[in-house]
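The chain contents come next:
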Amino acid sequence: MRRGVTVLSGFLGSGKTTFLRAALRGRPDSAVIVNEYGEAGLGPGLDHALVEMVAEAPAIVGGGCACCTKRDELARAMLHRLDLEERARSPRTSRLVIETSGLADPAPILFTIQNDPVLRHHYAVEEVCVTVDAVNGWRHLDRQPESVKQVAAADRLVVTKIDLAEDDAVDALVERLRRLNPAAGVDLAAGGEVVRTLRGPGAPAAPARRPAPTGDAGHEAAHVADVSAVSLGLDGPVDWGAFGVWLTMLLHAHGEGVLRVKGVLEARDVGRVAVNGVQHVIHPPEHLADESIGRGLVVIGRGIDADLVRRSFGVFQSLEGE
Amino acid sequence: MCTLCYELAGDEHWTDVPVASGAQTPARHRRARILSRVLAHYGLAYADSGPGGPASVSDRKGSVELVGNVAAVWPAVERLAGRHPDPLDPGLLEALDELSEDR
Chain A
1 MRRGVTVLSG
11 FLGSGKTTFL
21 RAALRGRPDS
31 AVIVNEYGEA
41 GLGPGLDHAL
51 VEMVAEAPAI
61 VGGGCACCTK
71 RDELARAMLH
81 RLDLEERARS
91 PRTSRLVIET
101 SGLADPAPIL
111 FTIQNDPVLR
121 HHYAVEEVCV
131 TVDAVNGWRH
141 LDRQPESVKQ
151 VAAADRLVVT
161 KIDLAEDDAV
171 DALVERLRRL
181 NPAAGVDLAA
191 GGEVVRTLRG
201 PGAPAAPARR
211 PAPTGDAGHE
221 AAHVADVSAV
231 SLGLDGPVDW
241 GAFGVWLTML
251 LHAHGEGVLR
261 VKGVLEARDV
271 GRVAVNGVQH
281 VIHPPEHLAD
291 ESIGRGLVVI
301 GRGIDADLVR
311 RSFGVFQSLE
321 GE
Chain B
1 MCTLCYELAG
11 DEHWTDVPVA
21 SGAQTPARHR
31 RARILSRVLA
41 HYGLAYADSG
51 PGGPASVSDR
61 KGSVELVGNV
71 AAVWPAVERL
81 AGRHPDPLDP
91 GLLEALDELS
101 EDR
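Protein sequences, first through last, are from chains A and B.
Counting from 1, one number per residue, gives the positions in the first sequence under the working numbering.
Counting from 1, one number per residue, gives the positions in the second sequence under the working numbering.
Note that these hints are calculated values from the structure, not bench results.
Every residue gets a Cβ at the ideal spot worked out from N, C-alpha and C, and that includes glycine.
Hints may be right or wrong, so weigh each one.
[Stated by the list, open to error] Chain B stretches covered by chain A per the calculated footprint, using a threshold of three residues with CB under 8 Å from any CB of chain A:
hint	region
1	15-27
2	39-51
3	59-66
4	94-101
[Unchecked claim] For each label pair, taking beta carbons as the anchor points, the in silico distance ranges come out as:
hint	chain 1	residue 1	chain 2	residue 2	range
5	B	29	A	198	44 to 52 Å
6	A	256	B	79	48 to 56 Å
7	A	13	B	22	50 to 58 Å
8	B	20	A	195	44 to 52 Å
9	A	307	B	102	23 to 31 Å
10	B	63	A	76	16 to 24 Å
11	B	29	A	76	24 to 32 Å
12	B	36	A	85	48 to 56 Å
13	A	255	B	53	26 to 34 Å
14	A	90	B	45	23 to 31 Å
15	B	101	A	289	20 to 28 Å
16	B	43	A	307	23 to 31 Å
17	A	198	B	43	48 to 56 Å
[What the hints assert, rightly or not] If you only want the chain A side, here are some residues facing chain B, beta carbon under 10 Å, derived:
hint	residue
18	240
19	245
20	253
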């Protein structure tokens, strides 16, 4: 049984550590890796100390972002953790939380876990959870491209510090987040504790391991700066071969411009399949037994023409033919 | 390992999901036809030798590249055709539309 991994991301100061501490209480089966930015040579930082208060010996990957310069270190920290448990020097855990630095892009971290020849047999990413500060989140989205990437990559968005912001500001931020990433669930938190879970048209009930995309049959594109979320309502079954050809080609052509692809497809001869990808990293598709989960596909992209995405998807699907 | 070219088999690609029993070969052929239609726009051909064997992309001058999965097709197209394959290219979409209408 592989250990479930939660990647906890969020911009600098958005309340990741506070949220993590609250989430870890009463979960002794969890191990933690904290990636701190700019801590090289200075010893454990404040985040480390705070997390240590609730979790046993979190591993620290310091001196850079786990998403780029410290990817190997992240892999090593995970392997070390695994080694400790396999040698019974540390209690067996069933869950690992990786708290990224505030500047980290989650995609390369997912790539590392999915493609490392050892790690992929022991760990499976369950969820990318992203904190967004109710007070400063709007400004981060305006000014920090990393923040937009993090939101797009999220399976679950946690709007933190709602007790410090006006209700109207929280509502506006939630609305903006939903337009940016209609596939993510949204939680509201104060003091690190989730006080409310929002369910809306863009955030339907999620299956246990992999959150579902929107079941929205509408074809709506929402533009936030140059980031668009394109929802493709899929009424009929799709051709899996044509979908694979189309998506691999789209990812090759538009690289990092495609921030997120998430959906549930009914594919001929394959069945109902959940597709979940962050930038270039597409998780192995998962067969779904639950027929009640809505079908649809969301593509979140930067600088990508929403109408062309829809047209292109349709043209490739119509290529299937005897 | 491929029995023809001795290339080590790569990891399973996400596009290679299990399909219903008896549908594997038709699904593979269907995908090959789709790729052939797309690659024709770039003056290239796609050939799939079947399960366990290599697939290839070739140009009209005889240059051939073996590809281990669908994602590997696009860098090969770029090298062989010297063009950037883009599914959002209106020219490509028009050409594929015409193909679908002609069928």
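Hint check results:
Residue count for the region 15-27 of chain B with a Cβ under 8 Å from a Cβ of chain A: 8. That meets the three needed, and the coverage hint holds. Given as covered by chain A, the region 39-51 of chain B fails the check, having 0 residues with a CB less than 8 Å from a CB of that chain where 3 are the minimum. For the region 59-66 of chain B, the stated coverage by chain A is violated: 0 residues have a C-beta nearer than 8 Å to a C-beta of that chain, whereas at least 3 were required. Coverage of a stretch by a chain is defined here by at least three residues with a beta carbon nearer than 8 Å to that chain's beta carbons; for the region 94-101 of chain B and chain A the count is 4, and the condition holds.
The given range of 44 to 52 Å is respected by residue 29 of chain B and residue 198 of chain A, whose C-beta atoms sit roughly 46 Å from each other. For the pair residue 256 of chain A and residue 79 of chain B, the beta carbons lie near 21 Å from each other, so the given range of 48 to 56 Å is not met. At about 56 Å, the CB distance of residue 13 of chain A to residue 22 of chain B agrees with the hint of 50 to 58 Å. Against the hinted window of 44 to 52 Å, the Cβ-Cβ separation of residue 20 of chain B and residue 195 of chain A comes to about 46 Å, which satisfies the hint.
Taking the beta carbon of each, residue 307 of chain A and residue 102 of chain B are about 24 Å apart, inside 23 to 31 Å as hinted. Against the hinted window of 16 to 24 Å, the Cβ-Cβ separation of residue 63 of chain B and residue 76 of chain A comes to about 41 Å, which falls outside the hint. Range check, residue 29 of chain B to residue 76 of chain A: Cβ separation about 44 Å, and the 24 to 32 Å hint is violated. Between residue 36 of chain B and residue 85 of chain A the C-beta distance comes to about 49 Å, which sits within the given range of 48 to 56 Å.
Look at residue 255 of chain A against residue 53 of chain B: about 30 Å separates their beta carbons, and that is inside 26 to 34 Å. Under the hint 23 to 31 Å, the C-beta atoms of residue 90 of chain A and residue 45 of chain B, about 55 Å apart, miss the expected range. Taking the beta carbon of each, residue 101 of chain B and residue 289 of chain A are about 39 Å apart, not inside 20 to 28 Å as hinted. Restraint check, residue 43 of chain B to residue 307 of chain A: a C-beta distance of roughly 28 Å satisfies the suggested window 23 to 31 Å.
Between residue 198 of chain A and residue 43 of chain B the beta carbon distance is about 51 Å. The supplied range of 48 to 56 Å therefore holds. Nearest Cβ of chain B to the Cβ of residue 240 of chain A: about 7 Å, under the 10 Å cut. The hint holds. Hint status for residue 245 of chain A: holds, given a least beta-carbon distance of 5 Å to chain B, under 10 Å. Look at residue 253 of chain A: its Cβ gets to within about 4 Å of chain B, closer than 10 Å, so that hint holds up.
Hint check: violations occur at hints 2, 3, 6, 10, 11, 14 and 15; the rest are consistent with the structure.
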